[in-house]
Amino acid sequence: MSANAPNRKGIEARAALLDLMPRQEEDARRRLAELVESVAARRPPTTSFSRLCILGSLQAKVTCAYLAYWLRSRWADADERERLKSETHLKAALELLGTMGYLRGAVMKLGQMLATFPDALPDEFARLLPALHFEAPPMHYAMVREVFLDEFGREPHELFASFEKEAFAAASLGQVHRARLHSGELVAVKIQYPGIARTIEADLKNLRLLMQPMRLGEDWGNVVAKLAEVERVLLAETDYLAEASFAQTVRDSFTPEDGIVIPRVYPEYSTRRVLTTEYLAGVHLEEFLATAPSQELRDRYTHLMTLATMRMLYRTHWLLADPNPGNYIFMPDGRLGLVDFGCTRQLTEEEWQVQVEVEEALLRRDEKEMERLIVKSSLYESAEQMGRERLELIGTVIRWQLEPWLTEGIFDFGDEDFFRRGMEAMAAVTRKGFMRGMPVHIWTTRFVLGARGVVYRLKGRCDFQDIYRRESGRNKAPA
Amino acid sequence: MRISEQAKQLCRARILEKAAELFSARGFDQTTTRDIALAAGVAAGTMFNYFPSKETMAMTMVNEALARGRDEFLTRLEGGESLEEELFLLIGSELRRLRPLRPFLGPVLERSLSPFPRRNICREGETARQEHLECVRHIMERHGFAASPEDVSCTIYWSLYLGILASWTGDGSENQEASRALIDYAIRTFVQMISGATRGGDHVR
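Taken in sequence, the protein lines are chains Y and C. According to the UniProt record's numbering, the first sequence is numbered sequentially starting from 1. According to the UniProt record's numbering, the second sequence is numbered sequentially starting from 1.
Derived by calculation from the structure, the hints in this document are not laboratory data. A portion of the hints provided could be inaccurate.
As the list claims (entries may be wrong) - Straight-line C-alpha distance at most 20 Å; calculated EDC-like pairs for lysine to aspartate or glutamate:
{"hint": "1", "chain 1": "Y", "residue 1": "K376", "chain 2": "C", "residue 2": "D171"}
{"hint": "2", "chain 1": "C", "residue 1": "K8", "chain 2": "C", "residue 2": "E64"}
{"hint": "3", "chain 1": "Y", "residue 1": "K165", "chain 2": "C", "residue 2": "E64"}
{"hint": "4", "chain 1": "Y", "residue 1": "K376", "chain 2": "Y", "residue 2": "E229"}
{"hint": "5", "chain 1": "Y", "residue 1": "K165", "chain 2": "C", "residue 2": "E84"}
{"hint": "6", "chain 1": "Y", "residue 1": "K376", "chain 2": "Y", "residue 2": "E408"}
{"hint": "7", "chain 1": "Y", "residue 1": "K368", "chain 2": "Y", "residue 2": "E357"}
When you get a sec, could you build the whole thing from the sequences and use the hints?
As structure tokens, then:
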């Protein structure tokens, strides 16, 4: 790390650590992808989550220190030798992270997000996909049985007519098994890793400890607020009963004609740690793309994905805070299945009001009002206080996010130029360390990024404005 | 007058029952043998004919619970489990039976199962060790591993097992779920280690 690395570099590093988002320049992203791959490919010899318990916070502190060291040095315009050294540290950090706690989940999520944008990355990254999407620390069946005894007082084979001992998918906090009810229905049973909530708490405590001495300056208060927000949403995700209730709300807002399927929840087979839902037959994005689907089919699914997210947003004010390819099931009959509502965030009245005001200003093309709202949501008192550069960069990102709202007719989400402009704008914001904003923006950004990543890979198009008008109830065309 | 075997058994059971109640309510260290004798309605001298110490009482309860857990483990075996899974199932079944005693187990296990040599070894503690290891040895044999009670692998296994018990007795998480991850880790570490050993290890050429 160069000796005169300014504090600003540190802020960028911390921002990147905070969001764990792939916004670095391409070269670094590629190297990071390779490192993630090497960690993901080497299956840890033990159940990863359990390691935190035995090695405890000491290991977490070492890991975080490593990671902090790497993040600091990586932005420091280091020479080649220094760069290699810092990468060695990152590798050590990732390997440690890869063996412990929920941060392993974060490493995996980082990989997932990187994996959503393969065009920006070299070929080797494509090999990461299957490993990251379905590689999770496994629970053997004996452990599953013990969890069932705790949750239901009965074993899986006593509860279900049949129960597959091997999981068929990984969930962010556990794994999913196929089973059949005595009444004949095929179901998906999501089981949570024991003790994961405590692990999340411990991880975030470590993260705060790590960030404390890094002198964040004016944005420290905002970072603390964001970490609290992250913790709140992640801990909420550990309550499967809350997820079940949300899934039911979403399910009620769709009709069979919509072509969107939200799996039915079976409350009598669900607890805070086990969630049983209808099993949806179909394939995930990768398999779907491998069938070389027609443009018509790609457009249909893009339409359905847009419709689904719009309806959730405008009817229930909920965001899927972590949309990833695993959430979407491409069903054989052309319907879209939406699964896994664990990571969701409902907008507060105030946050919703900002959303409405931004849309209205945008549709009126009222630049002055847009500027006022950008300043407000970046938590500044005035444009002068915010600074011209920050205002412009944040404005570019927000306008990119809202571009489909302003486009009449078919919008092409597969357009490379559109996608790149957005990624570049976000990268610029991250490089500058302009991360201050309402905590909810962690999720709105992930929401937009995740969803856009999926439809970009799908190379899909839809009449976005038409869907927006129907779902928002704002029927007037923009002036 | 000689009392019948049945009456002896009833008296023994009553002492254990009252001891468990008092240990749970007051804590192990805060309960005296006098309290127990009083609650069970027997003379202190009579009680010592059954149990020489409160450690022995507590460990008798522990051993009975562990034995029930092991019986249950055998009925739960489905065949086809890996070595890790069998060991996990064994410990899981035992701990489930121990759960009612958990509130007062910490000091009991600490004293009776301590790996450090003690002047007054609690015989029941040694019984607990031998019976558990015997079961583990059977499991290991089923999976093609040989082990005798005094060899290195059994010693290491026992250390890990004591670590699990220590964590579990103090585990404040719901259903002691934090310990479940620890059990998994400890077992995998153990199996990995003995699997490596059977291949001769890197340093043996």
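To see whether the hints hold, each was checked on the structure:
1. Y:K376 with C:D171: Measuring from Cα to Cα gives roughly 46 Å; hence the hint is violated.
2. C:K8 with C:E64: 17 Å, holds
3. Y:K165 with C:E64: With Cα atoms ~32 Å apart, K165 of chain Y and E64 of chain C exceed 20 Å; violated.
4. Y:K376 with Y:E229: Within the cut-off at roughly 19 Å; holds.
5. Y:K165 with C:E84: Distance of about 15 Å is within 20 Å: holds.
6. Y:K376 with Y:E408: Not satisfied, since the Cα-Cα distance of roughly 28 Å exceeds 20 Å.
7. Y:K368 with Y:E357: 12 Å, holds
Hints 1, 3 and 6 from the list above are not met by this structure, while the remaining hints are.
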